[in-house]
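Residue numbers (the numbering used here), protein chains in the order written: chain F, 1 to 172; chain C, 1 to 231.
Since the hints were derived computationally from the structure, they do not count as laboratory data. Fair warning: there could be bad hints in the mix.
Stated by the list, open to error - Distance windows between CB atoms, simulated:
| id | chain 1 | residue 1 | chain 2 | residue 2 | range |
| --- | --- | --- | --- | --- | --- |
| 1 | C | Lys222 | F | Glu136 | 49 to 59 angstroms |
| 2 | F | Ser141 | C | Asn15 | 44 to 54 angstroms |
| 3 | C | Ala196 | F | Glu107 | 34 to 44 angstroms |
| 4 | F | Asp51 | C | Leu59 | 45 to 55 angstroms |
| 5 | F | Arg168 | C | Glu170 | 48 to 58 angstroms |
| 6 | F | Glu136 | C | Ala196 | 25 to 35 angstroms |
As the list claims (entries may be wrong) - Sample of chain F residues with no beta-carbon within 12 angstroms of chain C, all distances over it, derived:
| id | residue |
| --- | --- |
| 7 | Leu14 |
| 8 | Ala17 |
| 9 | Ser28 |
| 10 | Asp47 |
| 11 | Arg169 |
Computed from a predicted model, the values in this text were never measured in an experiment. Backbone N, C-alpha and C define an ideal beta-carbon position, used for all residues, glycine too.
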Amino acid sequence: MALHLLERDREGGLNLAKALDRAMEGVSHCARCRNFTEEELCGICLDERRDLTQICVVETPADVAAVEHSGSYRGQYFVLMGHLSPIDGIGPEDIGLDVLQQRVREEGIGEVILATNPTVEGEATAYYLTEMLNAEGISMSRIAHGVPLGGELEFVDGNTLAHAFSGRRPVA
Amino acid sequence: MRVDTQPAYVLHSRNYRDSSLILELWTPEYGRMAAVARGARSPGRRAAQVYLQAFAPLLVSWTGRSSLKTLTGREARGQRPPLKGERLFSGLYINELLVRLFPHEDPHPELYGRYEALLDYLRGSDDLEPALREFELQLLDEMGYGIQLAHDAERDELVDSEIFYCYIPELGMVRSCERYRQLPKIRGSSLLAMSAGVYDQETRQSAKLLLRQALSVQLGDKPLNSRNLFT
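Bound conformation, chain F alone:
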């Protein structure tokens, strides 16, 4: 890419450099949900039409984008910017859990949806959050894990399938 820009598109290269410069200088974290934003609060936190009583906890800004893209959720977010990982030295305060606890206490939140990844560290983070927020008397839920839509059981790995079975739902 560097050679292409130098040889054929110097103007585009300069625009890219300016855009990168603006992003690096201007983008910081939203004071409420910790997502990336150029303002004090991000667009989602400022949107008054959204449900103010639900918080969805995700690991990264990319996860927010994915959930938003699905169009299935109209509440608030909290972005951890990582997950609990003792071996990497990442503890509860490094992913802003104290900030989240304060939000839950002060903003009259009714439901916290745990949408951390179904990895070992994501599960550890979800369990830690469950224990931490248990005393707050709010409803807590974990997103469902299982067979992908349009997938065939035959090709789903055993762990996922086991999870899908343990989380089965009555249909009638």
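Model the placement of chain C on the given structure of chain F, informed by the hints.
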């Protein structure tokens, strides 16, 4: 060096570059190993990533001369249900201990077996504490810092069940006195019970204090992060 189909457990996996993972592995013949799993996160292989997470039992092959090996083969060795809740935290604690206390390529086959048994225990048994304490004792033993629980190191005799003792690193259990008032005091009866593998309520409490002290000597100034998970 080329190694084929070695059993291993994943202690930790972290993302590396766009599509790879760096795995910390625990193996019987080579001890702790670090290896790159190239392309493990590339779109077509995401499903396989689930096998490359902490606690996953694998069969691995690797090559390479530096301390970071390159995985040439990997397959799941059976399916185990994931650890949940407090047990997951205990598992992360054990993994952190192994990563912190053992250098790469320092084999401990017996401890590998104990680790395997402990993971099964974490998945199945109701009573975790004795298993965790026994593992910690074995771990210290393998490091060459084993504690002779039932032995009074100063008097060279069996500990007296009615007397309190303190653990002095590189010496062993000695009678508690004013000089050691900062250290946990362990009743002789608890030491005898621990060495017999019998854990009643008082013994559990004492064993926890004693092993925390003994492990912290080995861990140095940097505390274990996984302890912060238990509230």
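Okay, the hints, checked on the actual structure:
1. C:Lys222 to F:Glu136: 49 to 59 angstroms: violated (32 angstroms)
2. F:Ser141 to C:Asn15: 44 to 54 angstroms: violated (27 angstroms)
3. C:Ala196 to F:Glu107: 34 to 44 angstroms: violated (55 angstroms)
4. F:Asp51 to C:Leu59: 45 to 55 angstroms: The hint (45 to 55 angstroms, Cβ to Cβ) holds, given that Asp51 (chain F) and Leu59 (chain C) are roughly 48 angstroms apart.
5. F:Arg168 to C:Glu170: 48 to 58 angstroms: holds (56 angstroms)
6. F:Glu136 to C:Ala196: 25 to 35 angstroms: violated (44 angstroms)
7. Leu14: holds (26 angstroms)
8. Ala17: Since the minimum Cβ distance to chain C is about 23 angstroms, Ala17 (chain F) lies beyond 12 angstroms and the statement holds.
9. Ser28: Consistent with the label, Ser28 (chain F) stays out of reach of chain C, its closest Cβ about 24 angstroms off (over 12 angstroms).
10. Asp47: holds (32 angstroms)
11. Arg169: holds (20 angstroms)
Consistency note: the structure conflicts with the earlier hints numbered 1, 2, 3, 6.
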